[in-house]
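Asks: Protein chains in written order, with our numbering: chain E, 1 to 189; chain X, 1 to 567; chain Y, 1 to 241.
Check before you lean on any hint, since a few could be wrong.
[What the hints assert, rightly or not] No farther apart than 27 Å at their CA atoms in a straight line, the calculated lysine-lysine pairs in the DSS-like style are these:
{"hint": "1", "chain 1": "E", "residue 1": "K87", "chain 2": "Y", "residue 2": "K66"}
{"hint": "2", "chain 1": "X", "residue 1": "K141", "chain 2": "Y", "residue 2": "K201"}
{"hint": "3", "chain 1": "X", "residue 1": "K295", "chain 2": "Y", "residue 2": "K62"}
{"hint": "4", "chain 1": "X", "residue 1": "K295", "chain 2": "Y", "residue 2": "K201"}
{"hint": "5", "chain 1": "Y", "residue 1": "K62", "chain 2": "E", "residue 2": "K2"}
{"hint": "6", "chain 1": "X", "residue 1": "K165", "chain 2": "Y", "residue 2": "K201"}
{"hint": "7", "chain 1": "X", "residue 1": "K290", "chain 2": "X", "residue 2": "K165"}
{"hint": "8", "chain 1": "Y", "residue 1": "K12", "chain 2": "E", "residue 2": "K88"}
{"hint": "9", "chain 1": "X", "residue 1": "K22", "chain 2": "X", "residue 2": "K295"}
{"hint": "10", "chain 1": "Y", "residue 1": "K181", "chain 2": "Y", "residue 2": "K201"}
{"hint": "11", "chain 1": "Y", "residue 1": "K240", "chain 2": "X", "residue 2": "K141"}
{"hint": "12", "chain 1": "Y", "residue 1": "K181", "chain 2": "X", "residue 2": "K165"}
{"hint": "13", "chain 1": "Y", "residue 1": "K201", "chain 2": "E", "residue 2": "K91"}
{"hint": "14", "chain 1": "X", "residue 1": "K295", "chain 2": "E", "residue 2": "K2"}
[Claimed, not checked] Computed spacing ranges between beta-carbons, pair by pair:
{"hint": "15", "chain 1": "Y", "residue 1": "G70", "chain 2": "E", "residue 2": "Q162", "range": "47 to 55 Å"}
{"hint": "16", "chain 1": "Y", "residue 1": "V74", "chain 2": "X", "residue 2": "T567", "range": "19 to 27 Å"}
{"hint": "17", "chain 1": "E", "residue 1": "R157", "chain 2": "Y", "residue 2": "G31", "range": "36 to 44 Å"}
Everything labelled a hint here was simulated from the structure, so no lab data went into it. These numbers were taken from a predicted model, which means no experiment stands behind them. Ideal placement from N, C-alpha and C gives every residue a C-beta, glycine not left out.
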Amino acid sequence: MKPIATTRSATGIPTGRLAVWWVLASEVVIFGGLLGSYVMHRLGHPEWGAAAAHTNTWIGAFNTFVLLTSSLTAVLAHQAAERGDGKKAAKLLMFTMLGALIFVSVKSFEWTMEIREGFTITANGFWSFYYTAAGLHAAHVIAGAVIMGFIAHDAWRGRELQRVELIGIYWHFVDVVWIFLFPLLYIAK
Amino acid sequence: MSQAVADVQHTQEHHGPQGILKYLWSTDHKVIAMQYMFTGMFMALIGGFMAYVFRMQLAFPGVSVPGFGVVSPGEYNSLITNHGSIMIFWVAMPVLIAAFGNFLIPLMIGADDMVFPRINRLSFQVFFLSVLVILTSLFVKGGGFGGAWTAYPPLSASGAYNLTKLGSSLWLIGVALEFVAFLLGGINFIVTLMNARAPGMRAYDIPILPWFIVLASMLFMLSVGPLIAGAVMLLFDQLLGTGFYDPARGGDPLLWQHLFWFFGHPEVYVVLLPAMGIVVEIITTFSRKKLFGYKIVLYTAVATAVLSFFVWAHHQFIAGIDPRMANIFTVTTLLISVPIAELCFVLIATLYGGSIRLTTPMLWALAFLAEFLIGGVTGIFLGASGADVFFHDTYFVLAHFHYTFFPIAIIGTFAAFTYWFPKMFGKMLNETLGKIHFWGTIIPFNFIFIPLFILGLHGQHRRIYDYNHFPELATPALQHLRIVATVALIVMLFFQLVFFFNVIRSWISGEKAPRNPWKANTLEWTTESPPPHGNWPADRMPVVYRGPYEYSVPGREDDYWPQNSPT
Amino acid sequence: MSQEQHHINYVKIWAILVVLLVVSVVGPFFGVKWITLITAFGVAVVKARLVVQNFMHLRIEKRIIKWALGTTLVLMLLFFAGTAPDVMEHHGVNWTNDAALAAVERGVEEGHGEVADDGHEAVGESDDGHEAAGRRAVEHEEAATAGQEFDAKAAFNTTCSVCHGTAGDGKGPGAVALDPKPANFTDSAFWETRTDEEIFKAIKEGGAAVGRSPLMVAWGATYSDDQIHALVAYLKTFRKK
């Protein structure tokens with residue numbers, strides 16, 4: 001059912017992978033714009049430090065650990081897919097999705113706690129950026145996990161195994177964004 | 001490979017729901033292209049109507065406009081805001097990039113479709129949703145957003161200031177959806193060009209138009225990111241009461257300006273490149289001559305794209321930016337006129353010594369060159385920060401960008417449409433009617449905007465709904481100029497009827513178009529008019545042997561040499 | 001492609017990443033700013049590089065991809081370089097950003113107290129948008145300016161005179177395009193038909209709230225009740241007897 005066009009590869013890079021890299025390039029500038037804006041404001045407003053002191057480094061670190069581990073399971077899933085083992089790839093993708101679920105749950109709990117203490121999105125410039133940046137990231141986590149579900153479903157049936165690598169590349173990107181968000185919002189505050 | 005062929009043959013036999021569903025749910029790039037084309041043209045009618053209304057208000061202030069009524073100040077602001085936004089985001093981009101890009105890229109590189117047909121369909125669906133959102137915004141309580149297409153906060157952030165609270169959020173959401181649609185579409189164009197070329201088509205054998213559309217898509221994808229971030233922040237300011245752009249709360253309105261123009265400037269090259277690509281294809285075909293310097297053209301376009309990221313703050317010279325930045329941006333802005341001028345000169349050099357055929361598409365292409373040059377030259381005055389202190393926010397700016405945008409969006413569209421109409425619809429357009437439409441558009445166009453240059457030089461500022469409030473601008477001489485511009489607009493709009501008549505009549509009962517009526521070299525002319533699903537039979541996909549502009553090659557009988565002909 | 005993968009031990013990379021994570025968490029405990037910055041961001045860069053090179057296989061990817069990504073990073077630096085002088089800095093050679101400087105000062109003064117105040121107030125309120133947020137900002141403003149005399153005349157000249165004119169006669173430059181015209185405070189007929197409460201409400205909640213033109217915007221988010229009372233008192237001084 002695929003057009004001939006999709007199977008061609010004048011660059012030597014498979015079409016799907018080329019597309020995912022371009023998607024990531026555009027995402028880099030989106031997050032880059034947002035985080036760049038945050039850094040500019042944060043450096044110009046040293047008084048935001050008081051608000052920033054209230055983020056919970058342990059929760060942030062735990063979530064970082066969760067995402068790093070989910071990246072591991074994602075790349076192992078790719079390895080399995082390369083060997084043609086669809087079922088194993090699907091299982092490992094499920095673990096990755098579990099990581100996403102844990103991440104989002106912990107974040108919900110964290111935000112609820114913070115909002116109850118009065119740190120809402122409008123409380124202060126820092127908190128506005130905090131919720132916007134982490135929220136945009138979380139939206140990407142959720143979207144990625146949903147798509148991963150469809151790909152895992154296909155992989156279980158041994159179909160479209162090349163897509164396991166592609167969702168993996170996207171997932172690692174989501175992990176890398178968090179690798180920068182974590183120090184920005186939790187450590188070097 | 002044979003499995004792929006069998007798959008495609010299977011597709012060709014069984015493809016597609018029948019009837020109306022075929023048009024709503026198709027993944028064929030040509031159908032999607034038509035969807036974008038007609039939606040874009042419909043939006044052009046709306047944007048054009050808005051121009052008619054506000055120009056009537058400017059020429060005859062306070063008088064009831066036929067077809068609209070009396071224009072209130074708030075409505076005036078809505079009209080100009082939405083005219084600008086619609087023309088850029090819902091006319092120029094969908095028609096030039098999405099419609100012609102979708103139709104022509106697979107055909108010109110010898111592919112049977114885009115590499116991701118379903119994402120292609122999704123991109124149109126998201127785009128269509130954005131159309132619904134922006135149109136809805138015009139009818140909600142308070143009316144359409146009235147804070148100018150540049151949407152600077154604090155005006156755009158607070159409903160108490162812009163008086164169009166609901167409209168302003170819908171506008172922002174509509175724009176954001178349009179961005180998403182073009183990000184999706186852009187992926188398709190870029191990957192298709194990079195990967196799905198016909199065997200034998202090296203990078204330098206790709207015709208300029210697909211190259212330019214893909215460069216434009218890359219430029220769009222790389223520049224829109226910060227603005228998407230900024231739009232999310234503005235939406236939160238509007239709806240949640242955050243203070244991203246409020247200095248009293250730790251924000252900064254200048255941040256929005258930078259986020260907006262970091263995208264806004266490359267955006268003009270995003271629409272310029274496809275239009276120039278169209279002109280390149282037409283000029284080479286109708287001068288029967290090789291393009292003067294294919295590689296130069298390509299590298300110049302890349303240089304322009306790169307430079308376009310370094311000029312954005314020339315939109316902010318008097319906004320209170322750091323003056324040291326203003327100096328830097330003046331230099332870069334004046335520099336960027338060089339590659340663009342060079343592209344124009346290459347086209348003139350291509351014409352020189354050629355065997356010129358003044359068909360309707362060729363007339364449009366030549367008019368593009370002439371009018372765009374005027375626009376470009378007036379940009380130099382604005383790029384110099386010293387002069388811009390006087391010109392900023394006057395009608396001089398407005399005339400400058402209409403002398404660039406109009407050639408891009410309108411002349412470029414008519415050029416492409418008249419050139420590829422035979423391929424798209426299988427019929428020939430009437431040349432006489434085409435020429436009447438051409439002159440009836442170009443001459444009035446100049447009579448609209450030259451008066452506006454003069455008004456700008458007299459200091460007439462933009463975005464004012466009634467100049468009677470400013471005694472030095474309400475003199476009879478200046479008002480006369482406003483009336484001339486408005487009358488010219490009405491004449492120009494009237495001549496568009498000739499275009500629609502020509503199109504409809506030709507579509508119904510025009511002369512049947514052969515495969516290659518213009519005797520051009522590029523691959524789209526080797527298949528039927530209109531092309532079937534899959535473009536070529538799956539076992540006879542084109543193979544390429546040479547570049548796209550081998551016209552008038554010495555020693556050959558024909559003055560053209562199709563890319564896929566083995567000898 | 002598969003051969004390369006056998007050379008990369010993914011679990012080992014993961015272990016290194018976790019160790020780096022621990023390093024970055026421990027960094028701030030030393031209390032030295034530059035150590036924190038290095039451990040936080042230096043570690044982030046190293047971790048990102050490990051993930052991108054090994055998990056995303058950029059190491060063995062075609063060059064064009066590396067170029068594309070490199071370009072995006074350069075663009076982000078360019079954006080930062082062009083914007084930061086305006087947004088990050090609050091003064092330059094010939095300009096100052098008074099509002100931002102005031103915000104910084106206010107924040108620094110309030111220090112740890114600021115957040116606690118926020119917390120208790122926000123709990124009971126619903127986030128009903130700009131006005132509510134503004135009220136909180138106003139309360140900050142009051143806290144910060146407590147003890148400073150509110151200059152009603154200066155406020156009038158900055159905020160109101162654009163439409164109402166510096167002489168309070170309703171003939172400010174912004175009035176040219178308005179219909180109905182802004183209130184003329186010099187006219188005693190005006191004062192005879194309005195109560196102080198009406199004028200207070202018009203300023204605080206906008207003209208529409210007292211059945212008049214919506215073009216008179218609500219200023220309750222910018223001025224406290226006390227300040228609005230001061231403004232009303234100032235307006236009376238325009239009245240011609």
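Asks: Find the hints from earlier in the document that the structure breaks and name them by number, from lowest to highest.
Replies: 1, 4, 7, 9, 11, 13, 14, 15, 16, 17
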